[in-house]
Amino acid sequence: MTEIKKMTIVEAINLALHDAMEADPTVLILGEEVGDVQEGGVMGVTKGLSTKYGEDRVKSTPISEQAIIGAAIGAAVGGYKPVAEIMLMNFIAVPMDMIVNHAAKLRFMSGGQTGVPMVIRTMTGSGFSTGGQHSDYLEAWFAHTAGIKVVAPSTPNDAYGLMRAAIDDPDPVLFIENLPSYWTPAPFTKTIVPIGKAKVAREGSDVTIIAHSLMVTHSLAVAEKLAADGISVEVVDLRTISPWDRETVIASVRKTGRAVVVHEAVKQFGIGAEIASVITEELWGTLKGPVQRVGAAYSAVPFSKPLEQAHAPTPDSIGVAVQAALA
Amino acid sequence: MSNYPKPDAATLLEIYKKAALIKQNDERVIKQMMAGKLVMPYYSPRGQEIIPSALSVSLTDDDYICTIYRGIHDMLAKGFPLDALWAELAGRVTGTCKGKGGPMHLTCPEKGMMVTTGIVGSSMPIATGLGWAAKLDGKNRVSVANFGDGAANIGAFHESMNMAAVWKLPVIFLCQNNLYAEHTSIAYSRVVEKISERAAGYGMPGVTVNGNDPDEMYGAAKVAIDRARAGEGPTLIEAMTFRFNGHLLGESGGYMDKDLYADAQTKDPMPILRARLVTEGIASEETLKAIEADIDARIDAALTAAMDAPFPDLAELKRDVFAEEIA
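Each protein sequence line maps, in turn, to chains A and B.
The letter at position 183 of the first sequence is residue 183 when you use our numbering, and the numbering goes up by one with no holes.
With positions in the second sequence counted from 1, the corresponding number in our numbering is that position plus 1000.
There could be a bad hint or two in this list.
Lysine-lysine pairs mimicking BS3-like chemistry, simulated, CA-CA at most 27 Å apart [to be verified]:
id: 1; chain 1: A; residue 1: Lys267; chain 2: A; residue 2: Lys47
id: 2; chain 1: B; residue 1: Lys1318; chain 2: B; residue 2: Lys1139
id: 3; chain 1: A; residue 1: Lys5; chain 2: A; residue 2: Lys197
id: 4; chain 1: A; residue 1: Lys47; chain 2: B; residue 2: Lys1168
id: 5; chain 1: A; residue 1: Lys52; chain 2: B; residue 2: Lys1139
id: 6; chain 1: B; residue 1: Lys1289; chain 2: B; residue 2: Lys1006
id: 7; chain 1: B; residue 1: Lys1168; chain 2: A; residue 2: Lys52
id: 8; chain 1: A; residue 1: Lys190; chain 2: A; residue 2: Lys267
id: 9; chain 1: A; residue 1: Lys197; chain 2: B; residue 2: Lys1318
id: 10; chain 1: A; residue 1: Lys6; chain 2: A; residue 2: Lys255
id: 11; chain 1: B; residue 1: Lys1194; chain 2: B; residue 2: Lys1168
id: 12; chain 1: A; residue 1: Lys6; chain 2: A; residue 2: Lys197
Please keep in mind that the hints were generated in silico from the structure rather than gathered at the bench.
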């Protein structure tokens, strides 16, 4: 636990990759433009790695998503720990066969003879007017698939700690990075964050908000605002979406009696449905009201600014759902 | 082909032993299925025996192969243990994948058989990654991607060949062209005469050989394997062949050209090679009979052991989803 300085999520992930490659020669990086010749990717997350660890271990690839994920699977089955980048989450639709049919299933289908210890890094998040094909949250696709873990950090600390844990995990991990929070500096402590453990980001007694990624930041802002009105909101940051930490979530809702599940993905069939359902099953009789869900509108992410802002949850729309839970 | 190396007498006999094992095993599988003692989707490799047999004599256990649902011949040629194979086909816990993979997902890492995929075109990206691992290992391993002519039309074929060429990986792309992609004749799916012509687009050697001819197949495979081991990069081999039992065992094959089918049967590679061994004095009729009787006895033993073995415990449902069992 070494206090270093304030850091952004971009810097924290970069540091995690550096530290992992330094600690373990089997850690590899691949993806479009990840090398230093290409300036370490469009966001610079992998900057410095190819210079330090060589182009055998840090491979800039052609724009070939199936081959990127396939190469990562092959390298993983062959004894390495690749970290593959799929630049934006929407592009993950291209190598879905590789992820869902192969990475997620090879351990099971081989009866445990092979494993796929790889990480897929991907970035997303609305707010940059990129329209329908560059900013979706698609975590539910993967949470629904047995055999792949899904994590989504909301702070630089968690970004570092979850990345280190994901690289060392014996199974495939999808690592979802939120673009709009990329460059916000926050106090940084170098620590490993275990996969599968949620965090109570703020304690409260009246209602629990369960969120991940940027929605944690929004939820904390809502909690702060409602505190002035005498409403005490507890915020649980899932950190790992699958397998999610039922214990922490249930303990929190058992305490507050009310729950609001928030995610940036489209509300219909989203992970909020699963979480709300489990809370209801576990705490029926204890709950003081129905579990509320907040998600994006049932549409593609729109381009036009007012539409884009109305599409995804905001602190205001989360606040409305909290009030509904308290009503 | 004239400048290709040719198999010597001992190697030719070795090729026959592997091919005979494949043929006799296939006949036994079909017999068991017809008797209702084995229920599974089965893609018979009958007619394609020579291809992996002539390839595998130049491979070691350390070399990697990825294959597809019609791949039981590839595995038997590379030394897949018969007991574990039959137990897996029967869904027994003693199967190589504990009965959880089945005929389309056979895996045996100690013999280098890392992935069997049921998705057309998916063997190539993963074999490319294994080629990357092989190159990093520095052990002169090669990685073979088996696939059919149908797979040559999916995007992953092109992405993988390009990536393997750009990265100069020790990968052999082995297209077993049996003229039919499921029920679709190759005439409907490409305009170039040969699939191997596509190698030119990726700057790698591409060669079409009669895959049913052990001399041609051995020579082409040997050249490609030596080239890969020498660090000179990938090769595409198109091995022409014919499948005698249609796509999925039990279908009528009404889509197949009757004249072509009849002609192919007159060119059945198995009796041709067998007769050649006798004519050239490589093995006597008695020797071959003894070899075949020994194979039958080994299959008998494997079959009996498989049918006597228990089914997997229901707890296996939760096992191998992840390395660690999750509640």
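Each hint, compared with the structure:
1. A:Lys267 / A:Lys47: Violated, at about 35 Å.
2. B:Lys1318 / B:Lys1139: 36 Å, violated
3. A:Lys5 / A:Lys197: 25 Å, holds
4. A:Lys47 / B:Lys1168: The given pair, whose Cα atoms are some 24 Å apart, holds under the 27 Å limit.
5. A:Lys52 / B:Lys1139: 24 Å, holds
6. B:Lys1289 / B:Lys1006: 25 Å, holds
7. B:Lys1168 / A:Lys52: Given that 27 Å is the threshold and the Cα spacing comes to 22 Å, the pair holds.
8. A:Lys190 / A:Lys267: 34 Å, violated
9. A:Lys197 / B:Lys1318: Answer holds: Lys197 (chain A) to Lys1318 (chain B) is near 20 Å, not above 27 Å.
10. A:Lys6 / A:Lys255: 33 Å, violated
11. B:Lys1194 / B:Lys1168: 23 Å, holds
12. A:Lys6 / A:Lys197: Since the Cα atoms of Lys6 (chain A) and Lys197 (chain A) sit roughly 24 Å apart, the hinted pair holds (cutoff 27 Å).
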